[in-house]
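Take the given structure of chain A and dock chain B to it, following the hints.
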Amino acid sequence: EDQVTQSPEALRLQEGESSSLNCSYTVSGLRGLFWYRQDPGKGPEFLFTLYSAGEEKEKERLKATLTKKESFLHITAPKPEDSATYLCAVQAGSGGFKTIFGAGTRLFVKA
Amino acid sequence: SAVISQKPSRDICQRGTSLTIQCQVDSQVTMMFWYRQQPGQSLTLIATANQGSEATYESGFVIDKFPISRPNLTFSTLTVSNMSPEDSSIYLCSVELGGYEQYFGPGTRLTVT
Chain A
6 EDQVTQSPEA LRLQEGESSS LNCSYTVSGL RGLFWYRQDP GKGPEFLFTL YSAGEEKEKE
66 RLKATLTKKE SFLHITAPKP EDSATYLCAV QAGSGGFKTI FGAGTRLFVK A
Chain B
487 SAVISQKPSR DICQRGTSLT IQCQVDSQVT MMFWYRQQPG QSLTLIATAN QGSEATYESG
547 FVIDKFPISR PNLTFSTLTV SNMSPEDSSI YLCSVELGGY EQYFGPGTRL TVT
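Just so you know, the sequences run in chain order A and B.
Count along the first sequence from 1, then add 5; that gives the number in the working numbering.
Count along the second sequence from 1, then add 486; that gives the number in the working numbering.
Same shape as in the complex, but just chain A (with noise of 0.2 Å):
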C-alpha cells in the first residue's frame, strides 16, 4: 500500500535555527514528489516538484532533495513568518495516479 509519512508532527525553532523535515514514502512507481505549505484557516500552497533521486529545489531558505525512500525539507535561518504547517505528498503510477499526502508537520519560528 503506497504510504506517506512525515515527521516530526510538530517542530518548534528559534528565529535563524537552521533544522530539516523529513517525508518518507513507499510506493509504486513514484511519478513526483510534491511540498506545500498551509497556514491556517488557508488552502495549500504548492511549493516543490521532486521527480528523481538526486533531485534538488530551492526557493528562497527552502531546499528540498529527494532519495529513493524520503524526501528532507531544509530550512535555512529560519524567520516567524515560515511558520506553518508543511505538507509532503507523492503521485504514484499505480492506482489512477492518484496524490497522497502526508500528516503534515507543523512548524513553529519564534523570534
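Warning: the hint list may mix true and false statements.
Unchecked claim - Okay, derived cross-link-like pairs now, DSS-like style, lysine-lysine, Cα gap no bigger than 25 Å in a straight line:
#, chain 1, residue 1, chain 2, residue 2
1, A, 103, A, 47
2, A, 47, A, 74
3, A, 64, B, 493
4, B, 493, A, 47
5, A, 62, A, 74
6, A, 68, A, 84
Bear in mind the hints are in silico, worked out from the structure with no lab data behind them.
Source: prediction; values computed, not measured.
Frame of chain A; chain B shown alone:
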C-alpha cells in the same frame, strides 16, 4: 499556476440539510479534485472530477452523499448531502496542471450543528 476561488468560504448548517460548494478556476483545466481536511488532519481525496465524464469517488465516499457536477473546464460543484456533525470539515478543490502538482482553492469551512 492557477487562481482558484471557492464559495462559500464558510458556513454553519443544520444537520439533515445540504450545502453546495462552488469552485471556479481562472483557466481551463481537465482535472479537478475535491478533498476533505478534518481539524488537525491532512487531506483526504473525495473524488476526481474530469469534464465530460462521471466523477470518480474514493473508497468511503459515495455519490449520493457527495454529488459532484463538472459542467465545463473552469467550474465544479460539490454538494454535501443530508449533513451530520461528522461532516464538519474544510472542503478544498484543486486542479492539476501539466507537472502533476496540484493548486488549491482557499477552502470552505463547514460546521454542522
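Going through the hints against the structure:
For the suggested pair residue 103 of chain A and residue 47 of chain A, the alpha carbons sit about 22 Å apart, so the restraint of at most 25 Å is met. Distance restraint check for residue 47 of chain A and residue 74 of chain A: the Cα-Cα separation of roughly 29 Å exceeds the 25 Å cut-off, and the hinted pair is therefore not satisfied. Distance restraint check for residue 64 of chain A and residue 493 of chain B: the Cα-Cα separation of roughly 31 Å exceeds the 25 Å cut-off, and the hinted pair is therefore not satisfied. As the CA atoms of residue 493 of chain B and residue 47 of chain A are separated by approximately 14 Å, the hinted pair is consistent with the 25 Å bound.
Our distance criterion of 25 Å between C-alpha atoms is met by residue 62 of chain A and residue 74 of chain A, whose separation comes to about 17 Å. Among the hinted pairs, residue 68 of chain A with residue 84 of chain A is consistent with the structure: their alpha-carbon atoms are about 15 Å apart, no more than 25 Å.
Hint check: violations occur at hints 2, 3; the rest are consistent with the structure.
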